[in-house]
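A.B. asks: The chain contents come next:
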Amino acid sequence: MTAAPVQPFAIAARIRTAWIARSRQEQLVYKLLLPVFGSVFVIATIPFILATIQAVTSDSGEFIGFDNFARALSNPLLYESLKQTGLYAAIALPVEILGGLGIALLVHRTVRSNVARAAIYIAAMIPIVIPQIAVGVVFRLVYAADSGILNVLLGQTGPNQPLWLSSPPLAMIATASVDIWQWTPFVYLVMFAGFQTVPSESVEAAQVDGATNWTQFRHIELPYLRPLLLLVLFFRIADVIRVFDHVYVLTGGGPGTTTQFLSLYIYRIGFKFSDLGQASALAVVVMVAMILFYRIVSRFLPADRA
Amino acid sequence: MKLRKWLAIIIPIALVASACSSTSTSSGGTATKLTIAAVQGVEDAGLKALAPMYKAQKGVTIEIVEAPYDDLYSKLVNAFKANDATYDLIMMDDPWMPKFGTDGSLSDLGPLGIATDPDVAQVVWDVGTWPPPRGPVPPSETSKPKQLLGVTIVGNVEMFMYRSDLTPTAPASYDDVLANAKAQNKPGELAGYIIRGKATNPVVADFLPILWSQGGDVFDENWNVVLDNDASKAAISFLVNDLKGVAQTDPGNTDASDRDKIMANGQGLQSSVWPGEINTAVLDPAVTKVAGKVTFIPIPAGKSGKGVGMMGNWLLGVPKASKNQQAAADFIKWMLQKDTQMTYAQNNGIPSRTSVLKDASLTTANPYFPVLADALQAPPNWRPRTDQWNAVETIIGTHLNKALTGGETADQAATGAAAEIRTLMKGAGYPTK
Amino acid sequence: MRRRSRGITKIATTLLLAGIAFLFAFPLFYLIATSLKTKADLFAPVPSLFPPAPTIDPYISVLFTRGFGGLLVNSIIVGVSATILSILLAFAICYPITRLPASPRLRAFVLNWALSLRFLPPVAVVIPYFAIVRAIGLYNQLPALILVYTIFNLPLAIWMLRGFLDEIPLEIEEAALVDGASRWYAFWTILLPLSRTGILAVAIIVFAFDWAEFLFAFILTATPQAMTFPVGVQGLVTQFEIIWNDMAAGGVIAILIPLSLMIIARRHVLTGLTFGVIREK
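In order, the protein sequences belong to chains Z, B and Y.
Note that the working numbering has the first sequence beginning at 1, numbered continuously upward.
Note that the working numbering has the second sequence beginning at 307, numbered continuously upward.
Note that the working numbering has the third sequence beginning at 740, numbered continuously upward.
Treat each hint with caution, since some may be false.
[What the hints assert, rightly or not] Here are some, though not all, of the chain B residues that point toward chain Y, as calculated from beta-carbon distances under 8 Å:
| id | residue |
| --- | --- |
| 1 | V371 |
| 2 | N384 |
| 3 | D523 |
| 4 | D561 |
| 5 | Q573 |
| 6 | A725 |
| 7 | R728 |
[As the list claims (entries may be wrong)] Stretch by stretch, here's where chain Z covers chain B in the computed footprint (C-beta under 8 Å, at least three residues):
| id | region |
| --- | --- |
| 8 | 344–354 |
| 9 | 696–704 |
No lab work stands behind these hints, which were simulated from the structure alone.
By construction, the Cβ of each residue, glycine as well, lies at the ideal position given by its N, Cα and C atoms.
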């Protein structure tokens, strides 16, 4: 041990000994990982830094501290937007996850022919690859009053027809339905593949023991699917909170502010009001909130194989 | 190291391949190409017809890049903020110009050779001047010299259309409009008045003439908000209560194209209308069912007694960052010439020269041209000249839409919008009370 | 008794599935129907379910008259390049943490960071990205989109690829290493062929998401030299015109390419969608 008159020397020496102590393999890990991961990390973090800088400076570049944050957080429309986003998630997510799971269960149990399964598979692909703008416009053509096909098919025409896009509760349902249409097939595909790999021995054993369909599902298949289910759930939560494209086309945030979800709200502040300071402050707040939310949530995620 | 080798090969190839597909921007020298940022839709139809003509005459290629209304605004704001030289000319809706003028993003066209011409209505030159020659001026702009920053390329003034076969006498005021609407309204068959109620820009465009005709306004001469005074409140109530009572099924979701469709199908009695949209449906022989039955007039007067139209000119401006200033200005000058304007008008463009608008040969195809000429001479009102207009319009539009869809009352819309606008303007440095 | 109830269950489930299939297929059907309508059809007071006089004019208009063919090419270039780049980067990041003895904390850190990226609303970072792209001179150039798409798809690519790589036993490579092969040789001749399925699956999914992206393509491009197809199709939705038939045609065209890709490689895609955690038999 060197007597260290200067502290940095001691630290550097200790780091060096620790490095040598690692196996060559571990050194390789860092040598490979650091450049690529490091650069990606930096590139992905720069916007966060820029947004923070923008959030604490005025238009002319002076440091103004937390003014923008104060303005952003004191705007009642922000909280309304958050509430509406939460409502949207509460409607769309359960239907997507449970619906996808349910349909996967149904198909797995009852559809035997490979041709049928392949056909369903291909059909389920389509909502994923369709451009958002097309989704938005098609559903506008379906839901619009007077020029939309839905009311025509329901036989509800005339002045008292349901206004799917102009009545606040209906508009929320209409927008959520688009999300459900687009993403339930995705959940289905993931869950369906999951069902394929539950070991057939366990299933057969359970059936021999006289298990009903429900017990079989609950005690045999579900445990296998749990990690996958959680993963899909968190990806969908992340996506639903970020939703923008199809809502923008379908309702533009209306009626009033009913479907003005978080992303649309930030868009409004940043692009319509051109208030980049406040928009950046919002962005920073959202990012920080997401990171915190994620730390809590990551305990439940299968980041590592058990 | 094979992985790195692959990376080193593939990435440059991809980048080079994509870079090759991009053309290089000309630097210095005489311009051979001008890029115009234009609004997607009917408003740039005439411009698209002019482009090949210009190339034939002057050898300069005109590249027109289109974007829908909202998107164009965002695009331009971003481009100016970044001092981007991509666009040599831009189309802007006249309410946007104050922001671009305040930010100093546009070049003065006077020194570039554009001179005012008496054959074009004075209001056209006025609306393109910054700071504005009349009306309240934003506090930060009062000391700036007046410059011509934009020239009208689409001479839009909002007008009024009605079914003259059903109501032969033209409505002279909004009270007449309402009376006719009530008389003729058959829910589900014929809407007495078609409200263009979609949120933000659409509903505000439909509403402002009503507001002014009733004697209300958004701001007064000193930038105080008067949207919640009695006259304004009455106007809002007129829209969301009286007119809604005789309107089509879903006013909150109706945009211009929807109301044209309703009118063209003979399912509406009257509505406001922009000249640019008339030929898309109501006068389009392929789809209209009301040929010869619709008459166009200036916006009816209100309690104030004056028929206050609203102008919505599209201006052509030259960004300061463009590298082809003189060439761009030359295009504008060429576009203003009478012969160009004649061709422009024959190709669905809306000219601004009075002589062209009153030309007999064009009136058959465009019966509203003479009305437009008179409307321009009136002069029509314009939207408040403030760099915050987009935000103000969003606020008003959201509240009006909310009131139209039953989310709040007219009074709440008035007070809510007024409060938000006050906060906004004060935050932007205006002496608003 | 059993047989009878089985029969009823079968009918019931078939009906249920058919109903669900119908609900999901209907918007797509209507999209195609709209893409075959004429302008006059669009103006009909009561919209029709089927195009009365089907025409492919909207398709011609979109591809040729409006010149969106060039935008389609841009989309393909960006999609392919971004996918290749995503896979390369995902590999470079996944390899050390799955095939080498990385500490579990490091592994967890990388994976969690990747997932947290997905929580970011693009709208929140669009302006900073615009500033960066401007600063490095890539505004209105395709490489800007390629880079941004790569970053935004990295979480998905990393998670999916990790799943695949975890499936392949370490022993196979170890055996080669013990026999004296270099690590890179082992990677190239053993690991890569085994992970072909995974790579293909990741590639197709990432491509599909890149293909439909709109916001960044819109903000980071200014002229048709760099605009992608979704931006062009979006431009068809205007205040004053009703050109839904062209827009619908654009939508249908936009579906066809990734869809054909997926159909060709369906087996791989299915495995990929389960993040490799589960492998189809």
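A.B. asks: What are the numbers of the hints that this structure violates, sorted from low to high?
C.D. replies: 3, 6, 7 and 8
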